[in-house]
Amino acid sequence: MMKSTMGMNYRMLSANLEIMSNKMYDLRQQSATGKQMNRPSDNPAGIRPVLSYRVQGLATDRYMDHIAVAGGEMAVQDSSLDQVENIMAAAKETLIAARNGGANEMDLDTYADRVSQLFDEMLQAANMQSSGKFVYAGYQEATTPFTVNTGFDPDAYNPDDPSTRAVAYHGDSNAKSVEIAPEKRIQTALTGNELFLGDADNDGVLDAEGVDLFSTLRNVEAAIRSGDDAAMNEGLDNLERGADQARSLRSRMGNNAWRIERAGRHMNAAAIEVKEIISSYEDADVLEVFSNLVQHETAFEAALNVTSRVSRLSILDFM
Amino acid sequence: MSLITALNPGLTGILSQQKQVEITGNNIANVNTPGYSRQSATLTPMAAIQIQGLFMGQGVKVADVGRAYDQFVTGQLVDQNDVLGRENAKSGPLSQLERIFGIGEDSLAGDIEGFFGAWHDLSQNPAGSVEREQVIYKGENLLDAFDKTKSDLVVARQNINDTLNAEVGGINLKLQELADLNADIKQKETLGHVASLDQDRRDLLVKELSNILGIKTYDTGSSQIGAQLPGGIPLVEGDTAVDFQSYYDGDQLKFQIKSGDITLPADKSNFGGQFKGLLDVRDELIPELEGRVNALEYNIVTQVNAQHEAGYGLDGRTGRSFFTKQPSYQSQEAFADPDDLAFNTGTMTIQLDGATSAEIDIEQGDNSLNGIRDAINNADAGVLAAVVPDSDGNYHLDLTPETEGAVVTIGSGSLTEDDEFDWDFDEAPFEEQPDGIYHSSGTLTCSDPDMLSFNKGEIELVIGEVGSEETFTVDIEAGSNSLNGIRDAINASDAGVLARVEQEAAGDYFLAVRPPEKSLAVAADLPEGEGAINDSFPDPGEPLIDDTLTLTFTVDGVDSTVTVDAAASSLNGIRDAVNDQVGGDGIHASLTSDGDNYQLDFAAYEPMTITPALSDNEAYEFSGLVAMAGSGELAVGIESTGAIAAAGIPGGAPGDNENALAIHALVNAPLAEDNKSFVDAYGRMASRVGSETRRNSMARDGAEDSMNQLENLRESIVGVSIEEEMINLTMFQKGFEASSRYVQTIDEMLGTIIGLKR
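Heads up: the protein sequence lines correspond to chains A and B, in order.
According to my numbering, the stretch in the first sequence is residues 914 to 1232, in order.
According to my numbering, the stretch in the second sequence is residues 3 to 760, in order.
Because the hints were derived from the structure by calculation, they are not lab data.
Since no wrong hints were added, every one of them can be taken at face value.
Under 10 Å between C-beta atoms, here's a sample of chain B residues computed to sit facing chain A:
no. : residue
1   : Phe103
2   : Gly106
3   : Gly112
4   : Ile114
5   : Gly116
6   : Asp123
7   : Asp682
8   : Ser693
All residues carry an ideal CB built from backbone N, CA and C; glycine is no exception.
Build out the structure end to end from the sequences listed, making use of the hints.
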């Protein structure tokens, strides 16, 4: 015989109230935290993508920081390269003035002294520091890259023998770079040997098209002082090529700076996308949660109402 | 029949209605009692008496008070409670596990990312002390996070043990009660009564025990039931209950059933209900997670260590581990220079747990300790190779297995000798050129004059006339066994020869050795006005004179003459004639040019033989690996910020960030078993916990729902309905009234009869 007892009714109502109440708890938690992924069980399949994107997002933020710092450093380097170009131009002017006849010995000395001054300026520029690190020393950023070779003799100068150079180079040929993506790097700094000594592989031998700016300046100074026309002509040629060397390296760095900046902008866009993807997994759609909550609350209210009505009807009132 | 006896039916009527009212009252009183089955009276008519040939009924009696019972539903309830108990029990530990494997930013994944992020930041400023300190700090953080996870898992396991242990006392009480009830019921029912309350209580106990242990019951006759664990181990038989015991074996809680002298162990496969649920989590899920956490930690530590060991600290030292070293296998032999190309070439076999896992080809250029390390790491050998120094500063090859606990060995006879640069035969590979210079050929040539690729040994130079020769021995050692090195060694000797490295048109380099010069005087009978024999001429092919040319050479006081035909008296022709005619005496001619003009150059050389004997490869072989125990407790092993190996190039320049970048790159390194990275491996664990929790949640909801429905079904069959009881009450009350009225009627009739005699 199937009958309906009081116990059955209350059990059924109570079970349903509990289910609804749990669901509301869940929705309330979602709306309070703003997240729909609070526990692993909320969306087990979404955990791996979310964690992976989160790691990517954090890495992207760091890449952007590094790019910003590198951009600043490259701006400093660029103004230094500007100075180098100016020095070479000034040296050329001085040489032309000295060479164009009519200069007596005292004038020549004055011109030569001017070139010597330019040599000192160049040395200062080459030993420039930024944030406490030497810019043109390659990886040896804690070591002064250039020291004067006091034994320099213009007559003994041999481009294949580094000990006859006007300066000694104590840095290395490893150029600093910034990573803009895993395994992808862009050079951000020039090495002293490439820029000032025309020796890109730092093997001590002047490269085929390279110019040793320092030795050139010293040689020009000596040529002016001695009034050696042939040497002065050669010097003019070297100054010209040296200025070109600096200019072309500066242009390469300029291009790199532009590439880095562009990479930074792309990364910015990528970072936003990643945040959006993570949000689509993690964040609760607030409007949806609220409307669900209202719906459940209404149903809960109805269930409570019914529960209270059960006790109103009883045979005991009629007997 | 007398009237008095007619009272009997009335009496029985009253009594039985009264009884039924009592029973109804009892039902109403127990309307909310869990497990109560509605009781009802079994009424039978009293035996009829034959009176004067007529069978007269004697009323009614309550034969029995029975309870409503449905075997099927009760059985279903017991089974479903087993499932409910199992899923309910799991939910507590699972929610604890969900907290341990959280997915927020402060989870273990966040600490892993933070550690590698610190290396990324270090790459931006590799000499920065703040960044270096941060790396150490994050490394410690990471190990702490792992420790916390591992200890939380231990706590979770202990919590389960405590929960299980706490049940044991209650279980024994219930089993004993069950046995007692068995005895009581048997006793009562033997006497013919239905022991309703006892049976209700027994049903309830069985349901509870099913929830806790998943017991199965069976009818043993005489109204008794036997109870056993799902695996078949008996718990209650008749009126005897076993002793259910728990004990600790180490830190593992185990169970056994003791009955008299017999003790039977009970493990996870013997249980159902809560015990099964908790033991599933304790013995399957938690160990699986612990294994994965340990493996992840081991992977991170060994991979970071191996990459760190390949880098250079600010002090230029290499081979340092970042974390304390894990057990590994090192070469017995130690070598002073890890870049020395001192090993044989060939194939090296790596074995894991006795089975070959990879064959590594070592070729020229790779055959240094560092080169072998890189070759092993580039192959998929299941080991991480590194070069680490010992206390004497010599380096060992160090192999760490990628799977914790695997044994690494190398196959014997691994690197066999490669004859290509081995040179101990008698042929003289130096050939004298027409101009008197000796050029090396054959195997004493190479494509890279700096590569330390030749055998070591010595080169013998014998110089001078027969009878007054001098022998010079040039040693070629490690470090000087490149073509340039051999050149420098020869030039540094006292032999007076000049060695140069020159390049063929095809690209290979060879040695050119010029014997010591003797003083030479040259006279040529060129006509007046034609210049001297060693002037510069623009065209080396144009004959100088129209006549036969005679050249006289004076060496050591001895004259030699060379005659050149008119037609052959060009610079080229003179050179060839000289080399042909007096070359055997050591007098040679060559042409030099400054690009525009050509000049003849004459030289007289001492006789020379060069005999290289480069046979001593001193090549190293690995005779075997020694198992190293590792440095004990896992911690960050780096002792100072300067020791952090951010640099990738030997020397450890402060601006060198290449190793820092390489370590950061490990965060995306794919691992075995289809995990995309370390963080992904963690994600898999969280996902496992999440899936299991979700499954459990749905199963629990389902089981609860089923239980509710079954309970309701039971109630609808055997429960107490107020409406029914109230109506019955009215019915019995009316019956009582009717019987009373009958008694009253008989009483009146009796009164009338008795009143007859006054």
